[in-house]
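Undergrad: From first to last, the protein sequence lines are chains A and B.
The first sequence finishes on residue 340 if you use my numbering, and the numbering steps up by one all the way, no holes.
The second sequence finishes on residue 401 if you use my numbering, and the numbering steps up by one all the way, no holes.
It is worth saying that the hints were derived from the structure and are not from the lab.
Keep in mind that a hint or two might mislead.
What the hints assert, rightly or not - With a Cα cut of at most 27 Å, we get these calculated DSS-like pairs of lysine-lysine:
(1) A:K278 - B:K319
(2) A:K278 - B:K114
(3) B:K367 - B:K319
(4) A:K79 - A:K139
(5) B:K114 - B:K96
(6) B:K131 - B:K155
Listed below, chain by chain, are the residues.
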Amino acid sequence: MSELLDIDDLHLEFDTYDGVVKVLAGVNLKMRRGDVLGLVGETGCGKSMTALSVPRLIPMPPGRITAGRVTFDGEDILSKSESEMETFRARHVGMIFQDPVTNLNPLFTIREQLVDAVLYQRQGGQKTPGRWRGFLPSVKQMRKEAHERAVELIRLTGIPDGDKRIYDYPHQFSGGMRQRVLIAMALAGDPDLLIADEPTTALDVTIQAQILRLIRSLVAQLGLTVLLITHNLGVVARSCERVAVMYAGRVVEDSPVRDLFHNPKHPYTRGLMAAVPQKDVNRGGLHGIPGIIPNLINPPPGCRFNPRCEHVMGICRESVPPAIEVGAQHSASCFLYGQDA
Amino acid sequence: MNHLLEVRDLRKFFPVHGGLLNRKVADFRAVDGVSFALQEGKTLGLVGESGSGKTTIGKCILRLMEPSAGQIFYDGGDITHLKQRDLRRLRSEIQMIYQAPAASLNGRMTVGQIIGEPLWIHERLKGDAARERVLELMNVVGLKDEHYYRYPHEFSGGQQQRIGIARALAVQPRLIVLDEPTSALDVSVQAQILNLLQDLQDQFDLTYLFISHDLGVVRYMCDEVALLYLGKIVEVAATEVIFEDPKHPYTQALISAIPEPDPDMRGGEIIIRGDLSHAFPQRGCPFAPRCHAEKLATCESVPPPLLEVEGAHLVACHLHPPLSAAEPA
Ligand SMILES: Nc1ncnc2c1ncn2[C@@H]1O[C@H](COP(=O)(O)OP(=O)(O)OP(=O)(O)O)[C@@H](O)[C@H]1O
Ligand SMILES: Nc1ncnc2c1ncn2[C@@H]1O[C@H](COP(=O)(O)OP(=O)(O)OP(=O)(O)O)[C@@H](O)[C@H]1O
Ligand code: SF4
Ligand code: SF4
Ligand SMILES: [Mg+2]
Ligand SMILES: [Mg+2]
Chain A
0 MSELLDIDDL HLEFDTYDGV VKVLAGVNLK MRRGDVLGLV GETGCGKSMT ALSVPRLIPM
60 PPGRITAGRV TFDGEDILSK SESEMETFRA RHVGMIFQDP VTNLNPLFTI REQLVDAVLY
120 QRQGGQKTPG RWRGFLPSVK QMRKEAHERA VELIRLTGIP DGDKRIYDYP HQFSGGMRQR
180 VLIAMALAGD PDLLIADEPT TALDVTIQAQ ILRLIRSLVA QLGLTVLLIT HNLGVVARSC
240 ERVAVMYAGR VVEDSPVRDL FHNPKHPYTR GLMAAVPQKD VNRGGLHGIP GIIPNLINPP
300 PGCRFNPRCE HVMGICRESV PPAIEVGAQH SASCFLYGQD A
Chain B
73 MNHLLEVRDL RKFFPVHGGL LNRKVADFRA VDGVSFALQE GKTLGLVGES GSGKTTIGKC
133 ILRLMEPSAG QIFYDGGDIT HLKQRDLRRL RSEIQMIYQA PAASLNGRMT VGQIIGEPLW
193 IHERLKGDAA RERVLELMNV VGLKDEHYYR YPHEFSGGQQ QRIGIARALA VQPRLIVLDE
253 PTSALDVSVQ AQILNLLQDL QDQFDLTYLF ISHDLGVVRY MCDEVALLYL GKIVEVAATE
313 VIFEDPKHPY TQALISAIPE PDPDMRGGEI IIRGDLSHAF PQRGCPFAPR CHAEKLATCE
373 SVPPPLLEVE GAHLVACHLH PPLSAAEPA
């Protein structure tokens, strides 16, 4: 089976006042239909930028893709025209953004926003017929169908009394319910891929558990393909089948979820695991990773983790470690593995 | 018993305005009868979802907010109604560290000035003597001497939190209220800060009130844990007891929902309905609308008091009869 998504050697830079920020430096990521992939890593490592490269929502300028390819269902994304992209986004990718600015509009009811999302996606990103044209029979019918779909979506996301609550405004909804609405909007056009960027980070743990269960049940019901972005290893362990760990603009380890947690290979992944306060870790038993994330204007040459790595070798400062097979469908980009190959 | 801090029946109500004239129409009970005691040199975790009243309790203890009712004892003395003059001394004994490191540091002051300010305010220390103390404090929290003349924005979140910790330590406090000190930090940096806090506790015999919504962090840091729900404590016990044998249905749900970084522990979480909502006044148990346990008739009508159900294990739930009732002495 071929890949649904193939991000290949993606390089992204930002021009800033202080210099050129090398945000992505050769990201490789593949997803098949039905995959539930967790993309983890600490703040600023490039998770959101990697995800936004798929619907091509990175602001350019100041951003610039300097190398690499993004292929979706066999199509080359980076060479599409802007209007082709509009259609592509509406039809194929559902997105839950990390940035709250892009969240719900406080001035419109949940229903209006959901109906608009449905229409937008039905029309393949073309302008939706405005409410003022609602007297046209065809438009009327379309809006009626969109309304039915909106109610169906709201039910799907488990909002109690959804068909009534749909007439509420966002401020009448709690954080958890708003997140459900955002999931409903992202699913409005039956996307091939759902990208959820930190969907539970702002939520309390009981609500987080509800949302993660919802995502799992949607995966089971609809066979969704999900790219779940989070900095929380526990969320990944709970929800994903595969994991890609990012550090400073590169994927450093890629593995089935069990293998990653039981047998992490990359020194950074190991460092992350040792830093999570988990069961049976007693006082003094946590280990932070020494040092801080590198400045991406002048990133360290070679392996970007080398200033913080306790296994650093000469070669680590000279060349970028390639992804090396370290197990079944498990790769790590580190010279500790298979150097002599 | 040598309790450094004791809080008795603390309440903090905020007025709710409404109606045509925007008059006060009701009280919003942010903290509603909270009692706990904290032993010197120990760490008590205060856990609860957003809006449960954690920060409000912290601010009442520091008297950054006036409690509506209840008493606060520090080192044996009642500090609930201290006058402004005596508050200054209290504030060198009790310090607070906040969640957002950047927001709690004055961006126009250098690191040296930020850490030196409390030394001037509380001890009138300045010049070389102050500088020396500041450098010592910076060293204690893992900052380098050359950071002295830098500004907060030049630092990462973790380093900013170190600056905040150094500033809090400057006045040699005995009690520190830590309000989500690591929730804005990455996990690798969080671990560094948690370890630093533990080292400082051992080194200076500090007592911590550790506010957090992250149960994993609380399990690592605390000797004892109190769980808050809608401004009330629903369960208190030693940390191992809370995690091994949680009694209150809310505690059980919270603990089962900790996202443990272990895929083999998937499933088994108790998912409770709804969310924290103060929307309607509750006559019975405040948790009743979300409770997944086999409820009793009294759940909807009688608020369950916080009672000792086992030695030093307090629970507010009708399903758990108090010690005295279970085994009449
Ligand atoms: N417009 C921009 N100009 C300059 N740098 C940018 C811009 N947008 C993003 N970056 C940088 O790109 C890097 C990657 O950003 P990204 O948002 O992908 O990180 P992330 O992994 O999603 O982090 P977080 O967990 O904080 O969301 C960061 O270092 C960020 O500072
Ligand atoms: N000055 C105030 N006026 C009115 N209401 C307030 C005020 N301060 C806090 N509240 C309310 O009191 C409740 C408890 O707030 P508090 O900040 O103590 O919660 P918290 O447990 O610290 O939550 P979080 O985890 O979000 O920090 C909240 O519902 C809040 O909206
Ligand atoms: S490549 Fe070298 S520096 Fe990088 S993680 Fe591996 S051993 Fe460490
Ligand atoms: S008192 Fe009743 S409603 Fe409240 S937690 Fe116990 S069982 Fe649930
Ligand atoms: Mg992001
Ligand atoms: Mg708070």
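Undergrad: Compare the structure with each hint and give your call.
TA: Here is how each hint holds up against the structure:
no., hint, verdict
1, A:K278 - B:K319, "holds, 19 Å"
2, A:K278 - B:K114, "holds, 20 Å"
3, B:K367 - B:K319, "holds, 14 Å"
4, A:K79 - A:K139, "violated, 33 Å"
5, B:K114 - B:K96, "violated, 41 Å"
6, B:K131 - B:K155, "holds, 16 Å"
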